[in-house]
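Student: Next come the chains, spelled out residue by residue.
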Amino acid sequence: MFRLIGNELYKIFHKKSIYIIGIIIFLLVLLNDVLYKTMYDDDGNLKALASIENYSSAIMKDTLNDLDPNKATDKLLYVEEKTYVDMFELSNKYGTNSWQSYIVNSEMYDVVYNMNYYTYVFTNDELYNENKKDYDYYINYFDKDDFDGFITSKLEEIDKQIEGLKKDKEKEEDKKLLLEIDESLENLEFDRELLNYRKEKQILYGNNYLNDALNEYSSSYKYIKDIDPDNIDKLNYDDKRAYYNNLESYNINKYILENKVNLNKQNTVRNNVISSVSSYEILIVILTIIIAGTIVASEFNKGTIKNLLIRPYSRTKILLAKFISCLIILFSVIIFVCLCDLVVGGIFFSFDSLKIPVVVYNFTSGEVQEYNIFIYTLIMIGSHLPMFLLILSLAFVLGTLTINSQISIALPIVFYMFGEVLNTVAISLNLKWMKLFPTLNWNLEEYLFGKLPAFQYSNFSFAIAISVIYILVMILGAVILFKRRDIKNI
Amino acid sequence: MEILKVSNLNKSFGKKKVLENVNLSIEEGDILGFIGPNGAGKTTTIKLILGLQKIDSGSVTICGYDIQKEFTKAINNVGGIIESPDMYLYLSGYDNLKLIANMYNIKKERIDEVVKLVGLENRIKDKVSKYSLGMRQRLGIAASLLNNPKVLILDEPTNGLDPEGNRQIRDLLKKLAKQKMGILISSHALSELDNVVNKVAIIQNGKIVEENAIDKIKRRDESYFIFEVDKFISINDNIKLSDNSFKIKINREDIPVFINILIDKGIKIYSIYEEKLSLEDAFLKKTGGNKIV
Numbered sequence: 001m002f003r004l005i006g007n008e009l010y011k012i013f014h015k016k017s018i019y020i021i022g023i024i025i026f027l028l029v030l031l032n033d034v035l036y037k038t039m040y041d042d043d044g045n046l047k048a049l050a051s052i053e054n055y056s057s058a059i060m061k062d063t064l065n066d067l068d069p070n071k072a073t074d075k076l077l078y079v080e081e082k083t084y085v086d087m088f089e090l091s092n093k094y095g096t097n098s099w100q101s102y103i104v105n106s107e108m109y110d111v112v113y114n115m116n117y118y119t120y121v122f123t124n125d126e127l128y129n130e131n132k133k134d135y136d137y138y139i140n141y142f143d144k145d146d147f148d149g150f151i152t153s154k155l156e157e158i159d160k161q162i163e164g165l166k167k168d169k170e171k172e173e174d175k176k177l178l179l180e181i182d183e184s185l186e187n188l189e190f191d192r193e194l195l196n197y198r199k200e201k202q203i204l205y206g207n208n209y210l211n212d213a214l215n216e217y218s219s220s221y222k223y224i225k226d227i228d229p230d231n232i233d234k235l236n237y238d239d240k241r242a243y244y245n246n247l248e249s250y251n252i253n254k255y256i257l258e259n260k261v262n263l264n265k266q267n268t269v270r271n272n273v274i275s276s277v278s279s280y281e282i283l284i285v286i287l288t289i290i291i292a293g294t295i296v297a298s299e300f301n302k303g304t305i306k307n308l309l310i311r312p313y314s315r316t317k318i319l320l321a322k323f324i325s326c327l328i329i330l331f332s333v334i335i336f337v338c339l340c341d342l343v344v345g346g347i348f349f350s351f352d353s354l355k356i357p358v359v360v361y362n363f364t365s366g367e368v369q370e371y372n373i374f375i376y377t378l379i380m381i382g383s384h385l386p387m388f389l390l391i392l393s394l395a396f397v398l399g400t401l402t403i404n405s406q407i408s409i410a411l412p413i414v415f416y417m418f419g420e421v422l423n424t425v426a427i428s429l430n431l432k433w434m435k436l437f438p439t440l441n442w443n444l445e446e447y448l449f450g451k452l453p454a455f456q457y458s459n460f461s462f463a464i465a466i467s468v469i470y471i472l473v474m475i476l477g478a479v480i481l482f483k484r485r486d487i488k489n490i
Numbered sequence: 001m002e003i004l005k006v007s008n009l010n011k012s013f014g015k016k017k018v019l020e021n022v023n024l025s026i027e028e029g030d031i032l033g034f035i036g037p038n039g040a041g042k043t044t045t046i047k048l049i050l051g052l053q054k055i056d057s058g059s060v061t062i063c064g065y066d067i068q069k070e071f072t073k074a075i076n077n078v079g080g081i082i083e084s085p086d087m088y089l090y091l092s093g094y095d096n097l098k099l100i101a102n103m104y105n106i107k108k109e110r111i112d113e114v115v116k117l118v119g120l121e122n123r124i125k126d127k128v129s130k131y132s133l134g135m136r137q138r139l140g141i142a143a144s145l146l147n148n149p150k151v152l153i154l155d156e157p158t159n160g161l162d163p164e165g166n167r168q169i170r171d172l173l174k175k176l177a178k179q180k181m182g183i184l185i186s187s188h189a190l191s192e193l194d195n196v197v198n199k200v201a202i203i204q205n206g207k208i209v210e211e212n213a214i215d216k217i218k219r220r221d222e223s224y225f226i227f228e229v230d231k232f233i234s235i236n237d238n239i240k241l242s243d244n245s246f247k248i249k250i251n252r253e254d255i256p257v258f259i260n261i262l263i264d265k266g267i268k269i270y271s272i273y274e275e276k277l278s279l280e281d282a283f284l285k286k287t288g289g290n291k292i293v
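Residue numbers (our numbering), protein chains in the order written: chain B, 1 to 490; chain L, 1 to 293.
Extracted from the complex, chain L is given alone in its bound form:
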């Protein structure tokens, strides 16, 4: 079921066109990576989705409610961080959450729950002004989860997180997606989203240049397969990696034939594995080596 549908979104600031016919869609359990360089229109798109800015033309539908026509019903299903997790610095993390919870009439137990979820139990009573950026990021995620949203929108959520924190957040997002939450994560760095997202939308200069499921992007070309063998010999177009291994670009269905060829030549095969294309590599291929960062 489509829980977030963005269609033909247009937005201009004065004469400058910021967004042009932007289309996005998220279904239950999706994690959409929304990728683009700084200034491409990621945050503007998110603000239009959340009703923070007026839509020039096009529509945003959240769980069947149009954000422009039925704002409160639509927004009730969303949680999110926009730009940065801004909180009242002079209040404690807990007080900040309490204020938000109060707006939804959410009980205290739920606050404790989300605090535990992002691992802030020990510092939640401290003032936010004493938090590191990573802790604020966690607090922001906790805040956006308070109302059990169906759609979660996170703008650069891994900013300032250490590798361990980054991993924790990724695990958390995967867990949430399994509970049928639809998640949109924006990022300027492709590599950060690898392994998390199942869909990718790439935005450049206000236009979506690519929207697809991640395995489709990755599998656009055949993958390389790496063979570990007892000795290297040149065969077909294989590339030597070391004395005992090489890689070759080959269709998956041709592998058994290729193995037979190797066996015929008396080569012992110890292992074969697919060299996985990273999201970044896939994108580089797509744009012809034109890096977006």
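Excised from the complex, chain B in its bound form:
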């Protein structure tokens, strides 16, 4: 048996085509990394955004020059354009990625607009000064780069508002209004909590992963705090999934904020490696199909099958040796793809990011779990295995059945492509009986860590059972057919 497997591998690895495909995979990995390298900066932000901003500011200045603030028809437009230009210049003063710049863009539009409005459209010193005061309030903190002071003053503001509302609450008797006050209070308290968090963790405003995490953290927190965990099972499935997603997002982002580690950074070797199998899934699938679909069929087409069957081995052994060889090829391809991704990614982005663990929220235990990159990659490979094995078996069986390489390559590829469509249909129409279909069960990623899968009628062990049954039936069918087959004249 081992000799047969050795022979099969010898035959496969002496084909030029397999090396050509290997080189293609390597080049694709390389190209992918080059793209990431050129698209993102070192902090993991898209480079294109900055250049778009510069470009549009140039256009705005041109427009502004064309407008005349003394002309009645131009006035409003002039104020609008001037506000944009002022804000752009202000935010540039502190640097595009500074916390000040972020506050300028998110909070100061009204102030700047009003100052311009009361200057050019409706000249009113009192109103202008009122806005100028607000403006100076910001600038005061900005110029001193006093983030703590800024946050503290914001907190004081919120405290004042809360106190005011609480007083209102005592006087108010209308139940409807009371409810509204309660809601406002709750929101304000949440804002205060966030600000405190910001202050405590020193999360400066800006376009970085910490702010992204904070945003997602706060939005997912808002979602889950309204739902009583004891009543989860009473929700309909879509709401339950949404709850689960938010719960996951809440916990993961909390982890990011507390450990100040960018888990989602795109241009890292770490990110490449953990997603290797998903990114290059189609390449692995196609290569596997080509090998598995032709390993039997080509022997028939070339007539060499006779040389194989007149040796002292049963047909079952010969076929199983071929199947096992396909499995070995599948694993080699997966390892090859991951290694390419690791080595090329490491050279491009440095290997440092490999130390950062993968963080997963486990719904069963309700805890955040840290995984070593390589262990997590293995888990990802494992979760894709049912799909790879099913496609491999399908190609193998078709090759044995039809002894036609074209059919045994084309059909599994179509099936693979069609699988996604089928799954979408089954999920959107909520077809329960489709749980017996392999495509809904072949990606175990959906069922890991106690997640709620998109398709609600299957689960981890059921998915494995269905996949195993399909694979076994296909292999058994192939063996029976192969044993009974007459070797016709070629």
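One thing to keep in mind: the hints can contain errors.
Computed cross-link-like contacts, BS3-like style, restricted to lysine-lysine with a CA-CA straight-line distance of at most 27 Å [as the list claims (entries may be wrong)]:
no., chain 1, residue 1, chain 2, residue 2
1, L, 175, L, 150
2, L, 130, B, 16
3, L, 247, L, 231
4, B, 222, B, 451
5, B, 15, L, 98
6, B, 483, L, 54
7, L, 16, B, 483
Covered, in the sense of this in silico footprint (three residues per stretch, anywhere, with C-beta under 8 Å from a C-beta of chain L), are these stretches of chain B [what the hints assert, rightly or not]:
no., region
8, 226–236
9, 424–436
Derived Cβ-Cβ restraints for the label pairs, each shown as a range [unchecked claim]:
no., chain 1, residue 1, chain 2, residue 2, range
10, L, 195, B, 20, 49 to 59 Å
11, B, 22, L, 107, 30 to 40 Å
12, L, 107, B, 483, 30 to 40 Å
Quick caveat, the hints were computed from the structure, so don't treat them as lab data. Please read these numbers as outputs of a predicted model, since none were measured by experiment. Every residue gets a Cβ at the ideal spot worked out from N, C-alpha and C, and that includes glycine.
Got chain B sorted already, so can you dock chain L onto it with the hints?
Tutor: Chain L alone, transformed into the frame defined by chain B:
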């Protein structure tokens, strides 16, 4: 000892009966010529013998093992080429042999041995795709000899060989038969097998029409004897070949009497020899001039 025994073999493809009660037997040292026109069932018979197709009824026994019941033991004693010597074209001749040797756990020395036997030493490292048909044929024979089989089955082995190669292969087969190998050679051309085989089985439309030792087929009728003499005279039923020779159909035991008659007539005899009947002639006689090719 009978090392290949085929008895009452039947095979149909759908409604079409391809083989009907085919019987063959080979003993150690036999070279059986398995002859028949294209489509007569030669290759099908060989495939049934080698277990490549299911037997409808009948049995095949190789060295005492039934091919249907004890496939691996039976097939272990066989080497062969079926239809054509198909090899992996993208591999070298040597690699092809290595793959087969690996299945029997045969050592490298044996590979070199068979390569030498078929005279492919110089080209064995070349890819098979660069081989001529004759070279592929030699490689196929080398491959079928690797496991030192007791029974060698060759389907049209001389296809594509030049006369010199043909002669070499014939010599090789004779040598192998002397080492007690039993050989079955199929061919559609009788003339190719002349001088090599010691037994013949002729198949037509799936039936064996003749199975016999070759000298029996040839000696079914008395042979002609050719006389070289100083001058031709008409005597009995002799046929004039030239001024100095004639041939006559006569029983072997009657030759001394006939010689005496010639001497009495004052004719000088320089030589007498038997005109050997070729396999083809013998067959033509058997089928009444109905050529099978």
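Student: Does each hint hold? Answer for all of them.
Tutor: Do the hints match the structure? See the list:
1. For the suggested pair residue 175 of chain L and residue 150 of chain L, the alpha carbons sit about 14 Å apart, so the restraint of at most 27 Å is met.
2. For the suggested pair residue 130 of chain L and residue 16 of chain B, the alpha carbons sit about 17 Å apart, so the restraint of at most 27 Å is met.
3. With a CA separation close to 13 Å, the supplied pair residue 247 of chain L and residue 231 of chain L stays within the 27 Å bound.
4. As the CA atoms of residue 222 of chain B and residue 451 of chain B are separated by approximately 21 Å, the hinted pair is consistent with the 27 Å bound.
5. With a C-alpha separation of about 16 Å, the suggested pairing of residue 15 of chain B with residue 98 of chain L holds against the 27 Å cut-off.
6. A threshold of 27 Å between alpha carbons decides the hint, and for residue 483 of chain B with residue 54 of chain L the separation of about 10 Å falls inside it, so the pair holds.
7. For the hint pairing residue 16 of chain L with residue 483 of chain B, the CA-to-CA distance comes to about 23 Å; that is within 27 Å, so the pair holds.
8. Taking a C-beta to C-beta cut-off of 8 Å, the region 226–236 of chain B contributes 0 residues in contact with chain L, too few for the three needed, and the coverage statement is violated.
9. For the region 424–436 of chain B, the stated coverage by chain L is not satisfied: 0 residues place a CB nearer than 8 Å to a CB of that chain, which falls below the threshold of 3.
10. In this structure the hint that residue 195 of chain L and residue 20 of chain B lie 49 to 59 Å apart at CB holds, the actual value being about 51 Å.
11. Separation of residue 22 of chain B from residue 107 of chain L is about 33 Å and conforms to the stated range, judged on CB atoms against 30 to 40 Å.
12. Remark: the range hint 30 to 40 Å for residue 107 of chain L to residue 483 of chain B is upheld by a beta-carbon distance near 31 Å.
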